[in-house]
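With the hints as your guide, set chain B onto chain A.
Protein chains in written order, with this note's numbering: chain A, 121 to 446; chain B, 24 to 143.
These aren't lab readings, by the way, just hints derived from the structure by calculation. As the structure is a computational prediction, the values presented were derived from the model and not from experiment. Built from N, CA and C at the ideal position, the CB exists for glycine as well. Don't take each hint at face value.
As the list claims (entries may be wrong) - If you want a taste of the chain B side facing chain A, the calculated C-beta under 10 Å gives, among others:
id: 1; residue: H58
id: 2; residue: R77
id: 3; residue: G79
id: 4; residue: H86
Each chain is listed here by its residues.
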Amino acid sequence: MERINLYLKEIKSRLHLDPNTEFSIIRELESHFEEEMADLEQAGVPPAASAEQAIRCSGSAHSLARMFYEAHSQGTWADAFLAVQPHLIASALFLTHLWAKPLAVMAAFGAVLLVALYGWARGRPNWLYPWVGYSFSPFVATIFFSRDFVYRSAVDLILGSRIAPSHAWLLLFLGLYALFIGLVVFSVVRVVKRDWLLVSFMLLPLPVLGVWISDIARIGAQFHTANPAAFRWDGRMFVTFLMLGLVSVLFLRLRRRIWRIALLAAACVSATILVGSRILEISGFLTLPMLVGLALFTFLVPAVLEWILGHGEPIQASEQGSRAAD
Amino acid sequence: MERTIDASDGNAKELLRGNTDSLLLFLIAESGPIHGYHLIKEIKRRSQGYFQFREGTVYPALHKLEQEGLVEGNWGDRLAGHARRCYSITAKGREALASRLRSWRQFTAAMDLILQPEQG
Chain A
121 MERINLYLKE IKSRLHLDPN TEFSIIRELE SHFEEEMADL EQAGVPPAAS AEQAIRCSGS
181 AHSLARMFYE AHSQGTWADA FLAVQPHLIA SALFLTHLWA KPLAVMAAFG AVLLVALYGW
241 ARGRPNWLYP WVGYSFSPFV ATIFFSRDFV YRSAVDLILG SRIAPSHAWL LLFLGLYALF
301 IGLVVFSVVR VVKRDWLLVS FMLLPLPVLG VWISDIARIG AQFHTANPAA FRWDGRMFVT
361 FLMLGLVSVL FLRLRRRIWR IALLAAACVS ATILVGSRIL EISGFLTLPM LVGLALFTFL
421 VPAVLEWILG HGEPIQASEQ GSRAAD
Chain B
24 MERTIDASDG NAKELLRGNT DSLLLFLIAE SGPIHGYHLI KEIKRRSQGY FQFREGTVYP
84 ALHKLEQEGL VEGNWGDRLA GHARRCYSIT AKGREALASR LRSWRQFTAA MDLILQPEQG
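This is chain A alone, in the form it adopts within the complex (with noise of 0.2 Å):
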């Protein structure tokens, strides 16, 4: 049973589903090994020569893995619709020009982050990754914010000879940089285990996100902002934002996990090619391709993590209980 006890660790290893469904697959596929090595070796069959026999019938773990997945990964139109909202409510901010309004901006992350909220304490559905997504953005938007003001009250700290009020607000915002961070590494690595690509669908607003925000803390805009200049962006932003969602949708209906990976692959570069065109007119060195080049390593990235830290989440309490039983 060794040798169907790595056959089978190799096909879970593959399947990136939801630890519950994981769990019951392989349950599934063990109870079959055991009554067809129990029929072989009835047969006459040596009990290696067996297990062999029923690894080769059953065809290589990868494909079989890749039907599992097909069979159980593909979301129903209720979850492309429920994915899509966030990004239906951001274009809708920059559409509206809304994002320049406090209360706008508050009531549409108050609302994004409790649905964030309510699905991951749920068991994280397929529709939930855009929501987690954009629960990031104040971190980001705080980043860029108090970044100038971090480095400069850091470097008085440094080298000043007095604590000075302003430290206190240091300590706060040092505070808060951990606390977003831990929260995003914990999210990361939480869905890295279960699907390396989830993690890509899930980050993919930020960067569009980061590019915006950035290029609106550069010429000092904020909320109630009177600069035009401020609204430039608003066009691509929501078309955007709108691309986004019907990749959401496309990304949740595909059964096949290479489509995905080029869906999004190529909605990455294709974000990243629409608001990064204002990168290339501040930097002096950055090319397009280099830009391309960029989106698609930090595509990448969450597939080097799910290597690094291995596939696998841990399967619910109710799960554990029955398997014990077993």
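Using the frame of chain A, we list chain B on its own:
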């Protein structure tokens, strides 16, 4: 008859594609709660060895049928160490099966009519 569908039998594989679900639904409806291994054996027995489905074909297909609500899987009796997952057809599955069988019979009847040499 001891033949199997193999990689070189492209015609047979093409014909089977799209009908695997119907085969599984029919056998599950007839047999009552049945688990995957017995389903594979039953397909081979009834086809007199013509169909030898792999686990890689049957189990993902069963899971897909369950996702669509056409069959229901439950952990049932044990065999030595592990519990077995048994599948039974749902009401929605019976409707789908009836529709597919109608289509299949109409299709094969029409094919049989065409494939007979014309008289005279």
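Hints and how they fare:
1. Interface restraint check: B:H58 against chain A, minimum CB-CB distance 8 Å, threshold 10 Å, status holds.
2. The restraint placing B:R77 at the interface with chain A holds, with a minimum CB-CB distance near 5 Å, inside the 10 Å limit.
3. At its closest, the beta carbon of B:G79 sits 4 Å from a beta carbon of chain A; the interface hint therefore holds under the 10 Å criterion.
4. The restraint placing B:H86 at the interface with chain A holds, with a minimum CB-CB distance near 4 Å, inside the 10 Å limit.
Of the numbered hints listed earlier, not one is contradicted by the structure.
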